[in-house]
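Make the full structure from the sequences, and use the hints.
Protein chains in written order, with my numbering: chain A, 1 to 294; chain B, 295 to 588.
Hints in this document: simulated from the structure, not taken from any laboratory. Hints are supplied without guarantee of correctness; some may be wrong.
[Stated by the list, open to error] Straight line, CA to CA, 30 Å or less: simulated DSSO-like cross-link-like pairs of lysine-lysine: (1) A:122 / A:53; (2) A:194 / A:82; (3) A:95 / A:53; (4) A:122 / A:248; (5) A:248 / B:484; (6) A:237 / A:190; (7) B:542 / A:190; (8) A:95 / A:50; (9) B:347 / B:309; (10) A:82 / B:542; (11) B:376 / A:248; (12) B:416 / B:531.
[Said to hold, decoys possible] Short, incomplete list of chain A residues facing chain B, as computed with Cβ under 7 Å: (13) 79; (14) 149; (15) 219; (16) 256.
Remember, it's a predicted structure, so these values are computed and weren't measured experimentally. Glycine included, each C-beta is placed from N, C-alpha and C at the ideal position.
There are 2 protein chains.
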Amino acid sequence: MISLYLGAIEAGGTKFVCAVGGENGEVYERVTFATKNPSETMEEVVQFFKSHKLKAIGIGSFGPVDLDRTSPTYGYITSTPKLNWSNFPFVEEIKKHFNVPIGFDTDVNAAALGELLWGAAKGETGCIYMTVGTGIGVGAVIEGELLHGLSHPEMGHILIRRHPDDPFAGSCPFHQDCLEGLASGPAIEKRWGKKGAELADRPEVWELEAFYLAQAVANYILILSPRKVILGGGVMKQPQLLPLVRQKVVHLLNGYVQHEAILHRIDEYIVSPGLGDNAGICGALALAKRAMEQ
Amino acid sequence: MISLYLGAIEAGGTKFVCAVGGENGEVYERVTFATKNPSETMEEVVQFFKSHKLKAIGIGSFGPVDLDRTSPTYGYITSTPKLNWSNFPFVEEIKKHFNVPIGFDTDVNAAALGELLWGAAKGETGCIYMTVGTGIGVGAVIEGELLHGLSHPEMGHILIRRHPDDPFAGSCPFHQDCLEGLASGPAIEKRWGKKGAELADRPEVWELEAFYLAQAVANYILILSPRKVILGGGVMKQPQLLPLVRQKVVHLLNGYVQHEAILHRIDEYIVSPGLGDNAGICGALALAKRAMEQ
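As structure tokens, this is what we get:
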């Protein structure tokens with residue numbers, strides 16, 4: 001039995017990762033299981049954690065979620081199309097079993113915080129973390145604080161310019177050809193008829209993908225002025241993609257943002273996650289750490 | 295002689311406004327003069343303020359500016375194309391004459407803070423303020439703090455989708471057909487051959503303008519999740535424009551951001567400046583107030 005560590009939940013629409021870890025982002029033990037309905041899933045979560053004495057628990061959740069602490073539905077997953085999870089009181093359910101401080105945020109905000117504390121943005125006061133996979137999501141830390149507002153950002157759904165030679169209609173049920181609709185993993189598969197991993201040798205696939213992602217990153221830079229841009233998720237595992245995105249971002253900004261990070265050090269400014277595939281679960285640990293300190 | 299008030303400088307590329315005012319945003323006295331070279335302009339600024347005993351001075355400046363307090367060029371206007379003003383140490387110059395706390399930020403961040411304290415976003419913890427005029431600029435306050443980062447945001451230059459029937463090439467010297475290149479006052483004049491004010495009776499002009507502005511506002515909402523969106527500047531004086539922008543933003547978001555401010559109260563969410571044409575100068579007063587309190 002490990003005692004007095006931090007608990008972390010990376011709650012995804014298809015899988016849950018639970019871990020216990022330490023205050024420097026170390027993961028001591030972890031389990032991964034498929035996301036089922038809330039009661040079955042919570043039983044597995046509680047089962048994993050109950051053998052540990054925890055100081056705090058952090059939850060990085062798929063969304064949309066209610067992050068407004070003054071709201072009666074704070075800590076809920078709200079209107080998700082995953083029907084059983086709609087209006088699920090996530091924080092309340094965890095509190096029933098564990099009487100410790102609980103940190104709760106979106107999965108991507110969690111990952112951004114994890115990368116800031118222990119990953120590619122260590123030493124900075126802020127960063128954005130973008131995941132390009134089944135969906136596209138972006139989390140942000142600005143001057144040490146997680147970005148919230150009216151609700152939480154939904155940066156994966158911004159409008160970008162279509163490539164004139166791209167016949168694919170887009171796959172977002174809300175916006176059709178928004179960023180996620182054109183550049184997520186499923187969009188790549190629908191457009192080209194194969195998964196991204198099977199298209200590694202087709203340069204046109206990654207040129208087009210970078211064309212879309214670079215527009216989004218350029219807009220994030222112009223709007224948020226992030227101190228570091230971190231690109232993760234399954235689609236970014238294609239090693240040819242990141243250099244293409246960097247090159248196109250520099251081209252799009254065209255010298256307008258006169259900062260040496262962009263003009264001279266783009267390879268250190270737009271980077272891969274320092275925590276690799278652990279960005280999400282370490283992010284949840286980071287939320288636990290913050291909850292404990294507050 | 296007015297004693298112990300706040301000084302405010304709204305420093306624009308074509309005109310300067312200086313004012314003395316109070317801690318509730320009241321403007322007691324103001325002057326406006328054309329922007330000349332820095333030494334002539336500073337002489338006029340000093341002349342205006344020297345008959346007043348001031349507690350603090352706030353400067354909302356055209357940019358780009360250096361807002362990094364750890365930088366040797368903090369408080370400078372940096373690489374502006376207005377040649378005489380490039381590398382101008384604005385805060386230093388003011389400090390030579392007035393030994394008081396000095397607040398310094400971009401003109402649009404100042405206006406956003408002014409609107410938050412005393413205008414359309416009063417009672418909120420954040421807002422964005424967009425001005426559509428000679429250029430397009432956007433300032434933001436997030437959870438009480440002015441938005442900075444690597445440098446300051448440059449939201450007026452984001453990429454948006456061109457309308458397929460718009461033959462105008464765009465007027466931005468850096469990005470050609472970015473938002474500012476397609477939707478600023480000069481872009482309207484170049485496209486249609488007349489100033490916006492003379493095109494009031496041409497519905498197609500405002501449909502197209504709203505098509506561009508709504509895309510930008512939708513992206514700002516998805517990226518920043520602002521608590522209030524304030525649209526000011528000369529172009530927004532066309533009363534038909536704001537309702538069109540609201541309608542198109544709602545259409546573009548298509549129910550995705552499930553917050554009642556967007557779903558049911560868009561008229562109260564996307565609004566005109568509460569301070570009208572005083573947003574800029576009141577914003578500079580707000581910067582002075584913050585500088586005094588810090």
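Against the structure, the hints come out as follows:
{"no.": "1", "hint": "A:122 / A:53", "in the structure": "holds, 28 Å"}
{"no.": "2", "hint": "A:194 / A:82", "in the structure": "holds, 25 Å"}
{"no.": "3", "hint": "A:95 / A:53", "in the structure": "holds, 14 Å"}
{"no.": "4", "hint": "A:122 / A:248", "in the structure": "holds, 25 Å"}
{"no.": "5", "hint": "A:248 / B:484", "in the structure": "holds, 29 Å"}
{"no.": "6", "hint": "A:237 / A:190", "in the structure": "holds, 19 Å"}
{"no.": "7", "hint": "B:542 / A:190", "in the structure": "holds, 29 Å"}
{"no.": "8", "hint": "A:95 / A:50", "in the structure": "holds, 13 Å"}
{"no.": "9", "hint": "B:347 / B:309", "in the structure": "holds, 24 Å"}
{"no.": "10", "hint": "A:82 / B:542", "in the structure": "holds, 28 Å"}
{"no.": "11", "hint": "B:376 / A:248", "in the structure": "holds, 28 Å"}
{"no.": "12", "hint": "B:416 / B:531", "in the structure": "holds, 22 Å"}
{"no.": "13", "hint": "79", "in the structure": "holds, 5 Å"}
{"no.": "14", "hint": "149", "in the structure": "holds, 3 Å"}
{"no.": "15", "hint": "219", "in the structure": "holds, 5 Å"}
{"no.": "16", "hint": "256", "in the structure": "holds, 4 Å"}
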